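Take the sequences, apply the hints, and build the full model.
Protein chains: 2
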Amino acid sequence: MIYFDNSATTIAKPPEVAEAVLYAINNFGNASRSFYDAALLANREIFKTRAEISELVGLDEPLNVAFTCSATESLNLVIAGLIKKGDSVITTVTEHNSVLRPLYLAGCDLDFIDCDDEGVLRLDEIEKLIKPSTRFLVCTHGSNVTGNITDVKRIYEICKSHNITMILDISQTFGLIDVTFDMADILCFTGHKGLFGPQGTGGIIVNGSFDFDIVKTGGAGVKSFERFQQKEMPDIFEAGTHNSHGIYGLQKGVQFIKKIGTGAIHLKERKLAERFYTGIKNLKGITLYGDFSGYDRLPVISVNLEGMTSADLATSLWENYEIATRAGSHCAPLLHKRFNTVDMGMVRFSFSYFNTYEEIDICICALKNIAGY
Amino acid sequence: MIYFDNSATTIAKPPEVAEAVLYAINNFGNASRSFYDAALLANREIFKTRAEISELVGLDEPLNVAFTCSATESLNLVIAGLIKKGDSVITTVTEHNSVLRPLYLAGCDLDFIDCDDEGVLRLDEIEKLIKPSTRFLVCTHGSNVTGNITDVKRIYEICKSHNITMILDISQTFGLIDVTFDMADILCFTGHKGLFGPQGTGGIIVNGSFDFDIVKTGGAGVKSFERFQQKEMPDIFEAGTHNSHGIYGLQKGVQFIKKIGTGAIHLKERKLAERFYTGIKNLKGITLYGDFSGYDRLPVISVNLEGMTSADLATSLWENYEIATRAGSHCAPLLHKRFNTVDMGMVRFSFSYFNTYEEIDICICALKNIAGY
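Residue numbers (my numbering), protein chains in the order written: chain P, 1 to 373; chain Z, 1 to 373.
Treat the hints with caution; some may be incorrect.
To be verified - Below, a list of computed lysine-lysine pairs in the DSBU-like style, where the Cα atoms sit at most 30 Å apart: (1) Z:K153 x Z:K258; (2) Z:K223 x P:K85; (3) Z:K84 x P:K85; (4) Z:K231 x P:K85; (5) P:K231 x Z:K337; (6) P:K259 x P:K153; (7) P:K48 x P:K223; (8) P:K128 x P:K85.
Since the hints were made in silico from the structure, they are not lab data. If you're wondering where the values come from, they're calculated on a predicted model, not measured in any experiment.
Take a look at the structure:
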C-alpha cells in the first residue's frame with residue numbers, strides 16, 4: 001500500500017510509539033489514584049507528556065496542557081465551556097465539522113470569514129465582521145482540504161486589539177509546522193495525526209486562565225467531596241480515568257518530532273508535495289484546489305479529474321495501484337459549497353514525513369494512466 | 001508487586017490485548033473515513049467489537065453499542081443527553097462521582113435511595129421515592145467501595161412498572177458477572193477494568209431507542225452537509241475519530257472473558273476474596289465495610305485498622321510488602337458520609353482473575369504484622 005491519507009490519521013509512526021503503548025498497558029496503574037509505583041509511573045509519564053507538548057508550543061507550563069480523547073472532544077469542551085447561546089462568534093468557511101457543529105450546538109450568533117477561489121481566507125474582512133458583542137473567534141490553522149495555512153498570527157493580532165478570545169484548531173498543523181502562542185489563546189489538538197500518537201489522544205493547551213464552565217464531570221481522584229471536580233487546568237477537562245496508555249505513546253511521537261525538528265519535517269513534506277504538484281498540475285482535465293503559490297503549505301493536495309467523481313478516482317487509485325487516498329467531502333461542508341464540489345467531492349492526497357519520493361512518482365504515473373496519457 | 005487495585009484499572013491483562021493494540025497502531029487507518037483496506041480493517045474490527053460486546057449482554061444488535069473514551073464520558077453523554085433541568089431523578093447514596101456529578105450538572109431534582117450499615121441499598125423505599133414527575137433512575141450495579149452487588153433486576157422491574165428509564169453504571173461489574181438487559185434500559189461501561197481492555201475505552205449500550213439530545217458533535221465521515229451528525233445509535237455518541245487502536249484491544253479482552261466465562265471468572269474471584277475475608281475478618285481493630293453474607297459480591301474488600309488512617313495503612317502495605325491497594329475516599333462521597341469515613345477513608349483491596357491465592361496469603365500475613373500479631 002502507498003498511504004496518502006495522513007490527514008485522516010498517520011499509520012507509519014516512529015516504532016517507539018507502539019512500543020510505549022505496549023509497555024504502558026502491561027505496567028501502568030490508574031494515574032492520580034494512588035501512590036504505589038505503577039500508579040505513580042502512569043502519573044509521571046502523563047506529566048512528562050504535558051511537559052513535552054507544552055515545550056513544543058514554547059510554553060513552560062505543563063499543567064496548561066489537558067488531555068482529551070480527540071481534537072473533536074477538545075473543541076466541544078472548549079466551545080461549550082466558553083461560548084453561550086447568543087454570543088457573537090467569528091469563524092470561517094473553511095472549517096471542519098469539528099469546529100462548525102459545536103458552534104451550531106452552542107447556539108451562538110455566527111459570522112463567517114469568506115475565502116477566495118483558492119480557498120485563501122479574506123483576512124481583510126475580519127474587522128468588518130467584528131461587532132461590539134463579538135467575544136470569540138474560532139478557526140483552523142491549516143485546511144484539511146486545500147492544505148492552505150492561514151496567517152493566524154495576523155488574525156490573533158486583530159483579536160487581541162478587540163479583546164476577542166481566539167481558539168485555534170491545530171489538528172492539521174501540530175507536528176508539521178511550528179505552532180506557538182502568538183497564534184491564539186487556546187489550542188485544540190489531536191494526537192494521532194502529525195504528532196504520530198495513537199488514536200484516542202488529543203488535548204487542549206491554554207495560555208493564561210479562562211473561566212471555563214464544566215461540561216464533562218466525574219471522579220478525578222482529588223477533592224471527592226465537592227459537587228464538581230476542580231475548575232483549574234488541567235482538571236477542568238479531565239474527568240474519569242486518563243488514557244495513560246495512549247498518552248505515553250503520544251509522548252514518544254512528540255519526542256520524535258522534537259528530535260527531527262518541525263523545520264526538517266516541513267521541508268521533507270513540502271518536497272514530497274511539491275514533487276507531486278509539479279508532476280500532476282498540467283494533466284489534462286485536472287482541477288487543483290488551493291493556493292500553491294507559496295512555501296508555507298501543508299502536504300495536502302486535493303484534486304478532481306474531469307469526467308470522474310472523486311469516489312471513482314479514489315477507487316481506481318486503490319483498486320489498480322493500491323494507493324490510499326480519501327474521496328468525498330472531508331467534513332468541510334462550507335468549503336465544498338464554495339468550490340461547487342458538494343456532489344463530486346474531491347480526492348485528497350496527504351503526505352507524511354515517512355512517505356518517499358518513489359511513492360510520489362508511482363502516484364503521478366497512476367494519475368497519468370487514469371487520465372489517459 | 002502484588003497488585004490489588006483492580007477496581008481502579010487492571011494491569012495484568014490477557015497478552016493478546018496489548019498485542020492487538022500494537023498491531024492496530026501499525027495497521028489501522030481512520031475507520032469510516034475511506035474504503036482502502038487499512039480504513040476498512042479498522043472499521044470492520046470496530047464493528048466486530050460492537051458485536052462481541054452486544055453478544056456479551058445477550059443482545060443481537062451490534063449498532064446498539066457506541067464507543068466512548070470512558071465510563072465517565074458514557075455517563076456524561078447519556079445523562080446530559082436525556083435528563084433536563086428540573087427532571088425528577090432517583091439515584092443512590094452509593095454512587096461514584098461519575099454518576100453523581102453529571103446528575104448535579106444536569107440540575108435535576110434528585111432523590112436518593114439510602115443504604116443500611118452494610119451499604120446495602122434499601123430497595124423497599126424506592127416506591128416511596130417515586131413521584132409522578134420521576135422519569136429516570138441512575139445507579140451502579142456493583143459498589144466500588146463495598147463490593148456489594150445491587151439487585152438491579154428488582155429495581156428495573158419497579159422502573160418498568162412506572163415508565164421510568166433506568167441507566168446502569170456497570171463499571172465495576174462488566175466482565176466480572178453477568179450483565180443483561182433485564183437489569184436496565186441503558187448500560188454505561190468502561191473498557192480498562194473487568195473487560196481487560198486498554199485505558200481510553202468505554203461505551204454505551206442501549207436496548208431500544210431513546211431520544212438523546214446531541215451533547216458532543218463533530219465530523220463523522222457521513223452526512224457532512226447536515227448541521228449535526230446523525231441522531232441514531234451509535235453515531236449520536238461518536239463524533240470524531242474513533243480510538244480504533246484501543247477498541248481492537250478491548251475486543252481481545254472481551255473475547256478472553258467469553259472464552260473463560262463470567263461464571264468461572266466470578267468463581268475464581270470469589271474464592272480469592274473469600275480467602276482474604278476469612279483471613280482478616282477477626283483481626284483485632286479491623287473494620288470491614290459491606291455485606292459479606294452472600295455469594296454474589298464483587299472481589300472488593302474495604303477495611304480500616306484501628307489507630308491508622310487509610311493512607312497510613314496503604315503506605316505501610318506498599319512500602320514494606322509491595323502490595324498495591326487504594327486508600328482514601330474512592331470518589332463515593334455520600335457512602336463515606338454514611339460510613340463516617342470521610343476523614344480517614346478506607347483501604348480497598350480489589351482482586352482480579354489473574355491474582356493468586358499465594359498473593360492473598362502474603363497480604364493476610366502483612367495485615368497481621370501491621371496489626372501487631
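Hints, one by one, checked against the model:
With a C-alpha separation of about 22 Å, the suggested pairing of Z:K153 with Z:K258 holds against the 30 Å cut-off. For a cut-off of 30 Å, the pair hint linking Z:K223 to P:K85 stands: about 25 Å separates their Cα positions. For the hint pairing Z:K84 with P:K85, the CA-to-CA distance comes to about 17 Å; that is within 30 Å, so the pair holds. Note on Z:K231 and P:K85: the hinted pairing holds, with a Cα-Cα distance of about 21 Å set against a maximum of 30 Å.
For the suggested pair P:K231 and Z:K337, the alpha carbons sit about 24 Å apart, so the restraint of at most 30 Å is met. Restraint check for P:K259 and P:K153: satisfied, since their Cα atoms lie roughly 26 Å apart, inside the 30 Å limit. Of the pairs offered as hints, the one joining P:K48 and P:K223 holds, with about 23 Å between alpha carbons and a cut-off of 30 Å not exceeded. The hinted pair formed by P:K128 and P:K85 meets the criterion: a straight-line CA distance of about 22 Å does not exceed 30 Å.
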